[in-house]
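J.: This is what each chain is made of:
4 protein chains.
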Amino acid sequence: MPLMTKDDYLSTLKNLKSRIFIQGKPLPNVLDNPISRPPAMAMAETYYQAEQEEMKPLFTARSHFTGEIINRFAHIQRSNEDLVKKIYMLREMGRRTACCFQRCAGMDCMNTLYSITYDIDQQFSTPYHQRFTDFLKYIQRNDLVPAACMTDAKGDRNFSPSQQTDRDQYLHLVEEKKNGIVVRGAKLHITGGVNSHELIVIPTRALQEEEKEYAVAFAIPANTKGITFVYGRQPSDTRRLEEGQADVGNLVFGGCESLVVFEDVFIPEERIFMKGEVSFAARLVELFATQHRVSYGGCKVGVGDVLIGATAAIAEMQGTEKAGHVKDKLAEMIHLNETLHAAALAGALKGSRTASGSYSVDRLMANVCKLNVTRFPFEISRLAQDIAGGILVTMPSREDQENPEVGHYVRKYLVGKAGVESDKRMRILRLIENITLGTGAVSYLTESIHGAGSPQAQKIMITRMADLGTAKSYAYKLCGL
Amino acid sequence: MPLMTKDDYLSTLKNLKSRIFIQGKPLPNVLDNPISRPPAMAMAETYYQAEQEEMKPLFTARSHFTGEIINRFAHIQRSNEDLVKKIYMLREMGRRTACCFQRCAGMDCMNTLYSITYDIDQQFSTPYHQRFTDFLKYIQRNDLVPAACMTDAKGDRNFSPSQQTDRDQYLHLVEEKKNGIVVRGAKLHITGGVNSHELIVIPTRALQEEEKEYAVAFAIPANTKGITFVYGRQPSDTRRLEEGQADVGNLVFGGCESLVVFEDVFIPEERIFMKGEVSFAARLVELFATQHRVSYGGCKVGVGDVLIGATAAIAEMQGTEKAGHVKDKLAEMIHLNETLHAAALAGALKGSRTASGSYSVDRLMANVCKLNVTRFPFEISRLAQDIAGGILVTMPSREDQENPEVGHYVRKYLVGKAGVESDKRMRILRLIENITLGTGAVSYLTESIHGAGSPQAQKIMITRMADLGTAKSYAYKLCGL
Amino acid sequence: MPLMTKDDYLSTLKNLKSRIFIQGKPLPNVLDNPISRPPAMAMAETYYQAEQEEMKPLFTARSHFTGEIINRFAHIQRSNEDLVKKIYMLREMGRRTACCFQRCAGMDCMNTLYSITYDIDQQFSTPYHQRFTDFLKYIQRNDLVPAACMTDAKGDRNFSPSQQTDRDQYLHLVEEKKNGIVVRGAKLHITGGVNSHELIVIPTRALQEEEKEYAVAFAIPANTKGITFVYGRQPSDTRRLEEGQADVGNLVFGGCESLVVFEDVFIPEERIFMKGEVSFAARLVELFATQHRVSYGGCKVGVGDVLIGATAAIAEMQGTEKAGHVKDKLAEMIHLNETLHAAALAGALKGSRTASGSYSVDRLMANVCKLNVTRFPFEISRLAQDIAGGILVTMPSREDQENPEVGHYVRKYLVGKAGVESDKRMRILRLIENITLGTGAVSYLTESIHGAGSPQAQKIMITRMADLGTAKSYAYKLCGL
Amino acid sequence: MPLMTKDDYLSTLKNLKSRIFIQGKPLPNVLDNPISRPPAMAMAETYYQAEQEEMKPLFTARSHFTGEIINRFAHIQRSNEDLVKKIYMLREMGRRTACCFQRCAGMDCMNTLYSITYDIDQQFSTPYHQRFTDFLKYIQRNDLVPAACMTDAKGDRNFSPSQQTDRDQYLHLVEEKKNGIVVRGAKLHITGGVNSHELIVIPTRALQEEEKEYAVAFAIPANTKGITFVYGRQPSDTRRLEEGQADVGNLVFGGCESLVVFEDVFIPEERIFMKGEVSFAARLVELFATQHRVSYGGCKVGVGDVLIGATAAIAEMQGTEKAGHVKDKLAEMIHLNETLHAAALAGALKGSRTASGSYSVDRLMANVCKLNVTRFPFEISRLAQDIAGGILVTMPSREDQENPEVGHYVRKYLVGKAGVESDKRMRILRLIENITLGTGAVSYLTESIHGAGSPQAQKIMITRMADLGTAKSYAYKLCGL
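Protein chains in written order, with the numbering used here: chain A, 82 to 562; chain B, 82 to 562; chain C, 82 to 562; chain D, 82 to 562.
Note that these hints are calculated values from the structure, not bench results. Among the clues, some could well be false.
The list cannot tell twin chains apart, which means a pair is met if one copy fits it or any two copies do.
Said to hold, decoys possible - Calculated pairs, DSS-like style, for lysine-lysine (alpha carbon to alpha carbon, straight line, at most 30 Å):
id, residue 1, residue 2
1, 431, 166
2, 293, 98
3, 498, 403
4, 356, 293
5, 403, 505
6, 137, 431
7, 106, 218
8, 95, 218
9, 293, 95
Throw the hints in and build the complete structure from the sequences for me.
T.: In structure tokens:
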């Protein structure tokens with residue numbers, strides 16, 4: 082059965098040898114560095130859950146190619162039920178990691194290419210769908226993780242790719258070779274790339290006829306020659322380097338993004354899924370965005386669950402859980418969190434079959450979901466901090482608690498309600514800090530705005546997807562026009 | 082086939098002879114009064130749509146008793162698909178009437194009693210489920226409308242029913258007779274009661290052991306002796322009395338509510354569905370609230386569609402449709418409207434089977450849906466008014482437009498962008514006024530807050546439904562507790 | 082002393098004989114029609130308050146021309162204290178009328194012209210300031226009300242005045258005569274014009290060099306030949322025509338707007354304050370907007386006070402005043418209302434002297450104030466309706482309460498908490514309905530968006546007034562640039 | 082002239098020798114540790130600005146004791162103008178430091194005690210006002226900084242001080258000695274204590290008659306025997322420990338809070354300002370809260386200015402500054418920021434004289450100001466992150482930019498619009514990160530909620546300060562009651 086264990090996944094990382102830099106130094110192995118290990122552990126959790134008997138219905142699926150049981154992250158969605166289960170699975174992962182676990186962009190990208198390559202072939206009689214299917218079978222068979230690489234550097238945003246002074250600002254084909262092509266450029270904000278076996282590269286925007294060189298999509302092993310990762314910093318990331326990691330908040334997991342540079346990388350023919358079909362660039366981008374935007378109504382909601390749980394816990398520890406305003410704020414947090422989830426589920430419920438046979442979520446609901454995600458986590462965080470109290474950002478290090486000279490002060494004066502030791506209280510507070518102001522805030526807050534496209538992109542799509550013509554006709558009729 | 086035509090429904094109203102008062106005068110026939118006619122027409126539209134071939138999949142269903150095709154408003158939901166279709170049907174009705182069409186409270190109440198009578202019988206070996214089933218078959222067979230009567234007068238809200246000085250403040254059993262019971266009290270905010278054939282009465286709150294007399298549920302023809310309706314006023318209701326109805330905005334439809342007084346009304350035994358089982362009062366109320374709260378994610382969304390359509394239309398007529406801020410506000414209106422819909426659909430998707438075999442929506446999502454409904458229509462209205470412009474509330478009557486002395490001024494100076502006559506513009510503006518400040522605002526705004534329970538009721542349920550224990554356990558685990 | 086009594090003001094209205102139409106019929110006298118009388122009474126209240134000894138410090142001021150005590154509404158502000166007192170006076174008027182009392186646009190317009198005519202003269206050696214001063218002395222001496230007429234019909238908003246097919250869409254000079262000019266066009270949304278003695282007309286937007294004919298400002302008696310008012314409709318306006326006016330909510334006061342048509346009206350030279358100085362049109366508009374935008378932080382706040390009071394009262398009557406969520410919502414209503422006030426006061430505090438010697442409020446704060454006004458009254462209204470309950474829009478007419486057949490039902494079942502009769506409860510509810518859904522909502526809601534310019538206008542000004550250059554320099558310095 | 086220079090202030094810190102622990106280690110000198118140095122530098126800036134000629138009108142005042150020019154932070158406010166100038170000074174400091182500069186709590190506390198000691202003396206004929214005046218003269222003469230110490234540990238919040246199992250949870254008098262008293266307990270969230278010369282200690286809540294031992298107020302040098310500071314952690318605080326401090330964002334300044342433990346500290350009689358007058362505890366707390374709550378409408382607004390400036394700068398660098406939605410969001414940020422400021426200024430404008438002769442701001446506006454502060458900075462931050470883009474949290478370290486192997490990649494692909502080097506862009510982004518997710522977020526976000534009291538405290542005060550009785554009377558009158 083093509084399910085890799087968590088341990089096996091971690092082993093593959095040891096042998097991966099991708100070229101990575103972090104804070105000005107090479108990072109030979111992500112598992113050996115306390116900063117880059119938690120993201121790997123979060124990714125590993127997607128393997129771990131698929132091993133658990135009670136989680137198999139959610140975390141595994143049956144490959145429509147082979148009929149074998151595979152990890153759902155490698156699955157092509159074939160029904161509305163598949164679309165729904167994906168959301169549930171992502172929420173579950175969010176709950177267990179409280180961070181970005183980095184495997185959904187690849188999943189959503191594979192589902193996108195499965196459909197788009199089919200469409201391109203229909204129009205241009207190209208061989209992309211078969212090639213992509215072969216790649217996909219390889220991924221499924223070996224239970225590998227591909228990272229989706231989409232956003233280009235973009236240079237001056239007032240100019241299109243072909244208008245840039247430095248043409249490398251958008252990744253592009255620089256040379257055609259006999260058995261493949263050579264590409265150059267860089268992709269930003271690449272989630273989980275440093276823990277991934279493969280990279281899938283797609284264009285980041287609509288392209289003009291004269292921009293064929295930018296219309297390239299392909300997959301390539303992450304450790305291919307010419308590829309360099311530069312690891313992105315996060316707030317409080319170096320707390321993980323401190324002895325004892327007393328103040329990390331989230332003890333095991335974290336997310337990561339990086340800048341991925343492609344310096345004249347050779348892509349063999351069989352891994353090329355688009356080459357010059359500019360008219361499909363916009364459709365690819367839009368379909369990927371659609372698929373990915375509902376994902377946020379799963380994963381962020383799961384992180385929200387943890388934050389809500391932590392907030393309920395700290396209220397109890399501090400003895401404020403029965404205050405009317407605290408109950409009201411907790412209800413509001415839950416309400417907002419479930420509203421995020423609702424639009425994702427509605428998107429799945431209203432999803433439909435693509436020409437390729439895969440299923441895609443409703444485009445209007447996907448954008449509605451994501452637009453809420455760009456807002457509500459900030460309000461949920463604010464309410465969490467309101468309930469947690471100022472101690473969230475003024476408390477000593479948990480190291481002080483162990484210090485022989487002042488430790489007893491900390492233990493005495495940071496005690497909670499009867500029976501709650503300071504350490505318990507501080508651990509929960511550090512977790513809330515992690516999610517709202519620390520490494521966790523990267524994905525829970527900022528990335529909630531920008532991941533899968535910024536709010537303005539959603540607003541444009543929402544208007545485009547809405548049927549204003551029909552809406553107007555109802556209005557006309559009712560007022561006698 | 083037990084589907085009544087729209088015309089037949091209107092005929093039944095002529096013969097109904099319920100005892101109704103409006104503005105201090107008797108109302109012998111709702112169809113003859115320009116104020117009470119639009120609500121009847123809105124109700125009639127639920128019949129009309131079921132007659133239309135292309136609408137049958139939504140507006141009709143197959144009775145699980147008889148296998149016959151019935152109006153979906155009289156249907157017991159038997160699957161998640163049924164739950165979803167209900168939402169779609171309600172949105173469709175909202176689009177076509179832009180008001181409260183009054184038939185869903187009865188539908189939701191029947192689905193509630195179907196399940197609760199089953200549960201009571203299981204515990205107390207009572208005969209309620211069979212009685213209710215008989216009643217339901219009668220409704221289905223004749224395609225009748227029952228209005229749900231729930232909210233009591235309540236007197237001083239700090240006291241429970243049995244603590245009230247005037248015990249009639251909650252409807253109650255005053256006498257047991259051989260073949261039935263006698264009840265007294267009043268129900269407030271009864272939607273569509275004046276257009277309905279039957280009234281279904283249920284308790285409005287949890288009851289104590291000593292409050293058996295208040296634990297009564299039953300159905301009774303609306304024109305039964307002892308029942309009096311006092312028609313509720315609405316903003317701008319009397320514009321319908323003006324000659325030509327130039328400024329009504331919504332030319333055909335409207336909603337209505339009334340105070341329904343029960344003065345020693347006799348209820349025959351076979352129509353009694355609860356009598357003294359106080360422990361089931363809270364469950365009944367909660368199940369009805371749940372079912373009804375998602376309905377708002379259908380009907381209000383449909384009204385929202387009309388308002389959005391009208392707003393898009395007025396922007397075009399006034400030549401502002403391409404302004405960035407106008408596009409942004411329209412996108413926001415659509416976004417909020419679809420967010421309302423999303424939670425209703427999610428509630429249907431996550432719905433489950435009751436012991437009786439009927440299906441009920443997810444309780445958490447139902448409350449999330451409704452809580453959003455208490456907020457977003459106000460913001461959507463504000464944005465509509467923003468785009469419409471101040472002319473919405475300063476323009477002359479459409480009668481002035483016809484006046485020989487000043488009509489030419491109105492036609493000249495209220496003209497829109499090239500080609501748009503003042504009359505067109507004023508009609509759309511009057512429709513927006515209707516929905517945001519007129520008769521339509523009753524259901525689109527105020528009733529969005531209070532119908533199916535006020536915001537605070539939803540907040541309490543949201544916290545109760547959320548699994549905070551599990552949420553806390555995730556938090557504990559991640560921070561090492 | 083040049084202070085007119087309330088009664089004298091009402092007498093002047095009787096003799097005014099402006100040409101007014103309402104709902105397709107002539108309106109010979111505003112006081113004789115129950116719809117147009119309340120606006121006149123609201124205006125009259127500005128006279129009444131100035132008569133009250135304890136109100137004189139607020140409602141009167143000393144004319145800087147004559148040293149005589151005049152109504153503050155006719156005063157040129159000469160200090161920050163004057164600016165502050167204006168805000169307090171407007172709040173006081175809002176509290177006493179709960180509607181638009183219509184006299185501030187004229188006041189703000191006079192203060193604007195006082196300053197702008199001075200500036201025009203400085204540049205063009207024109208005689209406008211003296212002319213305007215003469216007019217102003219006349220107003221002060223006789224304690225008259227001038228209505229400000231600004232907004233043109235605008236036709237297609239994508240075109241400037243000179244690009245319109247129908248050039249009358251912006252009021253303009255059509256002929257120069259020996260002793261004056263002839264103008265044609267129409268002004269929309271003219272507040273209080275039908276109750277005013279004079280009209281002051283100013284341009285509505287920036288003008289181009291070729292648009293000299295639109296750059297006209299002047300004052301003219303409201304009953305001048307060629308001027309026609311068409312009275313604007315309001316929600317529930319005709320409740321005032323019902324016998325007993327049982328359901329009007331606000332028993333005495335109301336606001337009004339109208340369309341004012343100028344058909345070839347002759348303006349004598351001494352009343353012309355701008356003629357062709359296109360470069361000053363934008364400055365005039367901006368200064369008027371600035372002065373007027375802070376006014377909303379007075380009057381609307383006063384109406385907010387009434388709505389808050391009514392909401393607190395209904396909570397008490399219904400026995401919910403101690404519920405935590407009710408207290409929280411009341412606190413929120415007060416908070417939002419005072420936030421509106423704060424920016425108006427800050428605008429006055431930061432106000433400064435113009436070249437003419439008059440004082441003008443801070444332009445940034447004026448726009449901040451108004452932008453909040455476009456939002457908060459809607460939320461305050463929503464909260465008021467939340468606390469009031471659904472009964473707000475479902476209750477019978479107060480006429481039903483008097484009916485011999487059903488009156489006892491209404492009195493019995495609409496009773497409040499012990500001791501509160503249904504009539505008391507219904508009166509307060511009708512007042513809340515008036516402000517949030519009735520005639521009062523025109524000014525409290527819609528006009529809060531559009532009066533003194535729409536939100537987008539404020540956003541543009543806010544950015545323009547903010548010193549982003551300095552803000553950037555602070556940022557650069559802190560990060561080492 | 083009693084103005085200390087910045088350098089002299091820093092010298093005093095070197096000699097202070099307060100007992101401080103940080104992350105489990107002693108901190109002998111705050112200036113020598115890169116984490117604790119920026120807070121000291123921020124405090125020092127209050128001295129530096131007072132040295133600048135053009136800043137003297139804002140940063141200095143004339144002592145009403147001596148007539149000498151003193152730092153305004155040591156001044157007793159004697160007029161509305163003083164109240165206004167305080168707000169302007171704090172905004173200016175916020176702009177120059179983008180953090181909490183820690184000197185206002187002491188200032189507000191001194192102004193509070195000046196008034197309250199006067200009031201106590203009036204009632205109890207105590208000698209507190211004279212004692213406090215002596216202390217104040219000492220502070221003014223030597224231009225010293227006292228930190229305000231208010232919030233106790235609180236233990237179980239459901240119990241009052243005297244009900245706590247561990248009575249030290251509220252600081253209290255443990256022994257009366259001949260010339261003074263001994264106190265024990267701890268104060269949390271003490272802003273700037275580690276950089277301060279003196280500590281002023283006051284109660285944190287209303288007290289009962291039997292809680293006299295908790296009703297103590299006094300001042301004491303920060304380095305007094307028995308006092309221990311435990312330094313609070315902040316997000317990303319250790320970036321300051323990294324070589325080159327490449328990613329700190331704010332290069333110079335920061336804020337700090339600490340836990341301050343009083344272990345049997347002796348307080349000499351002449352420094353005691355309250356001892357057992359329980360009835361004044363609540364008044365003291367409320368007056369301090371009032372004074373301090375408006376301060377937030379100064380300092381946070383200044384930080385907001387920097388964030389707005391940084392956001393405008395990054396938009397320009399990235400070439401998005403002309404996009405409609407970016408302009409709209411910047412306008413919104415400015416609008417919210419100025420709304421915060423407005424209520425502070427209104428509070429100062431409406432401020433009034435206390436019995437002692439000092440001036441205090443309006444209590445209603447002070448709470449309105451602070452309640453807005455608990456909300457808007459979160460929205461401003463969200464908008465800043467929206468405009469900044471995802472790069473804010475995914476970009477490499479600025480160290481990577483210098484690395485010989487990957488530096489050229491970073492410089493190439495993180496370049497901005499023509500002419501903007503990656504380093505410039507990254508510096509601004511790091512500053513935005515600092516304020517919204519780093520050390521700066523402690524005061525800009527979390528402390529905006531909790532400093533000077535949490536939102537619920539403001540809500541309670543807002544309702545208490547509002548004149549609901551009068552508001553109700555207006556409503557009654559208008560509806561005929």
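J.: Each hint needs a verdict: does it hold in this structure or not?
T.: These are the hints, each one checked on the structure:
| no. | hint | result |
| --- | --- | --- |
| 1 | 431 x 166 | both (14 Å within a copy, 12 Å between copies) |
| 2 | 293 x 98 | neither (33 Å within a copy, 69 Å between copies) |
| 3 | 498 x 403 | both (13 Å within a copy, 28 Å between copies) |
| 4 | 356 x 293 | within (7 Å within a copy, 59 Å between copies) |
| 5 | 403 x 505 | within (20 Å within a copy, 36 Å between copies) |
| 6 | 137 x 431 | both (25 Å within a copy, 20 Å between copies) |
| 7 | 106 x 218 | neither (36 Å within a copy, 56 Å between copies) |
| 8 | 95 x 218 | within (24 Å within a copy, 68 Å between copies) |
| 9 | 293 x 95 | neither (38 Å within a copy, 66 Å between copies) |
This entry does not satisfy hints 2, 7 and 9, going by the numbered hints stated previously.
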